[in-house]
Amino acid sequence: MSTIALPTTTSAAPSPAPPGRLAALRTWVLQRGVLFVLLTTPMLALFGGFLLRYTTLPVSTLLVFGSFALLPLWISYRRSVSRDPDEPVHHIHLYLKWAVLPYVTFSVVRILPFYLFGINYWGVWYNFGAQLTGERPGTLPALLAGMAMYTIQGIALNTSFFVLFRRHSLLNALLYIGVWFSSLFNFVFPVYSLAGDKLTPTWYAIDIVAHFAMALTAWSMPGLWEGILPRLRFPAQAGVLAGAAVLVILPYGFGIDRAVQWQFAAQAAVERAAMAQVTIGIEAGPVRVTVGGNQARYEFGLQVAHRTYLNTNGLERDVGVGPVQVTGQIISSGRPVAWCYGYAGPLPSPNKVADPRSFATALAEDVRVTVPVVCYGLANSSQSAQQVVVEWTAQAALAGDRTQQVRDFRGQELVALDRAGPGR
Amino acid sequence: MTLVQDGPPVHADSRGVAAQPRRQLLFDWVVKRGVLLVLVTAPLDSLFLGVLRITPPRMGYLYLLLASIALPAFVAWRRARSTDPDEPAQHFHRYALYSLVPVAMFSLVRIPALSLTRFVFWMPWYGFGVGATGQPPGTIGSLLPGAMLYLLQGWSLGMVYYVLFKRHTLLNAMLLYTGFISSLYSFIFPVFIMVGLPATPVFHLTNYWAHTAMGLTAWFMPRFWQRTWPRLARPVRAGVIAGLALVFAAPFTYVLATANLWQFGAQAHIEATAFDRVQASLSGGPAVSVERGQAEYAYVLVLGPRAYRNYGGAYRAIDATGVQVRGQLSRGQQVIAWCAGDVDALPSVRTVRDPERFFAALWSVNYTRVSVRCAGPAAGIGPGQVINVSWTAQLLLQGERSTDQRTLTGEQPARLTAGTPASMAPVPVNPDQ
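Chains as they are written, first to last, in our numbering: chain R, 1 to 424; chain G, 1 to 433.
It is worth saying that the hints were derived from the structure and are not from the lab.
The model shown is predicted, which means the values in this text are computed figures rather than measured ones.
The reader is advised that the hints may include incorrect statements.
Incomplete in silico selection of chain R near chain G, CB under 7 Å [to be verified]: (1) Y77; (2) R79; (3) V81; (4) P85; (5) L96; (6) A148; (7) I155; (8) P336; (9) Y341; (10) Y376.
Far from chain G by the CB rule (all over 12 Å, computed), these chain R residues [what the hints assert, rightly or not]: (11) Y192; (12) T200; (13) Q303.
Don't be surprised by glycine CBs; every beta carbon is placed ideally from N, CA and C.
Please build the complete structure, drawing on both the sequences and the hints.
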């Protein structure tokens, strides 16, 4: 631990009389408050841009960019003027070092549950990365960007423990990280994020266990780094450092390995299977006909359905459909009497809805989406017909996170005519 | 100030520079200045990662994100370990404050350029904002993040001078800012950043002039704070602080005010004029093929022109989405076929980031061809006949500041040509889903 120097500059000597409340508050703000706020900008960005969505994640991340200049400035300034050896700024480099193992432990303890329950810990990293960078979710760039976000959030969260508390006791660690943060995240993530996830008690249990593991690790860090490690001989010290390095690499390496070796192919297979399930068919009911002048206009709808699937992160998603281009004919007495055309851009999809409740609503609304089709022909062609044959071809682009394809759909159906309008 | 000592110093400065082996000197330089330089330049490095197209723009900012933890950690660590009073980490807070004034000065001296030469110096700020946040260009949403990133980049450039040089001399300042950075800027911006905006002599002149002012200010700051400031009386100090705050705030306030009072209105007016110029016209005659009692036709509607020059003289193209063409073919009073063609979005130059490729891309999209297909009964139809083509094209025109739903109608006689209408244009896979 450093020996704190006594600056020759501005700070006044501490008064022997107990400071007033206002002075104590001022001291707290200067010594811990400002540092705490600057350090926790990654968490503020997470809450403001990702969870509570006051703005977008890239915009809220500007807070972190601001702290890039302000935090070292504040650290440097306080180190120049502070005479209190307990002030966190004198130990912040140690706190930042101590913060690393706790946050990686948070992920390491979730490796086993991945094998036991199929709940992966890196799924949310895709969301972080996709929202931050605009990369497609479920891809390596989104995963890497999400890892960077997770890293600064983890360091910020654990450093805030060391800055906020003067005594880094087990009780404080368990209360702050184990109880407070696990409760907060168990509430905030399901309510404001994780759209399409059906969370089970197992998910909550894993989250709580991981936070308590993080708390225990955070508590043990001062002892490990400043107590045990300096006393060890070289081989043991090197062994501990190597073990720490492996621990740091493990959650990232494991996440990337599983994503590349298993998840991407599995996701592509899931998406191909989901795309094969997508159906397009004529909406129930008659074809509506209106006649104006010497032209007849026919209208019907094609319904796109069966788009929902469960992805490899355990989230419900819709196969993206669109554009859809429809051509066809209305056939009466064996000859075409009208020519049809329909077009729809990307169909509504809940996939980009971040709010879980809105997601559920959007998912329900998008179970069946109608593509309107309009046909034109001469008015006298099907004047007496009660039924016609509708023949159609649709070409649709289908897209998932990892696969895209263009599929052709065809249909031919005998449909009743519903005559309306001036020619009725 | 008494410096902090944490165990034995890593590098004893008392050994004397002359006696130190070169490797030790290099190691010292790297630890004391090199790492700090790499970290404080993160805003510039992040920008360059995107600008040089090494990564997508927003991915480049991951470096700045990680540096936001690494820089304070490194400064704190060096403050705890270093015994060298000249090490920049010992003076980081001073240098950080010094660096705020040169960055403001860099823009302050460019303010007259707008009135004199219509050089809009803050146009790249939108690009910075769009690159980092994905907010739409030409709006406050991208201007504010862009201004903040510009401030960080300028601050970072200021820090380079204080971190890189032990002696903050005028010569060093001029070599760095007027010589090196101006030249780099004059090369990088036209080649990698200024899309659709040719670099004129005014641009280069302004660049050298502003960087020189920045260098002079950077050189002056330590002198002022160390020599002049201690001699000033309290009221004068208050006046100086107020003056510096004004200098710092002036360019940003000026840009925000000018953007609101002039730029947004001017751009909206330019866009409205550009919207009015967009027309739909027929290209050639429809091709017809008759098969099994049906006639199929295909023709091409051309939409354009879409190129225009924005408030700062940069070339841009109006975007168009939701393009829907409907129409008829008729012979005399008789409708012989019904036509349709849809395109989600006309090709855009918004994603073109390479200035060298921009103009080729712009001219290729200036007039865009939209395929239209028609079908109808075959009776008596054949090549060579003159028919009437009528169409209604609905589309949403989009500029940076405004959108306008337009309906373009037209009617034109045309001679049918023989040919199989091209098969239906393949449905494109939508990358945004």
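Hint compliance check: list the failing hint numbers for this structure, sorted ascending. Hints 3, 4 not satisfied by this model.
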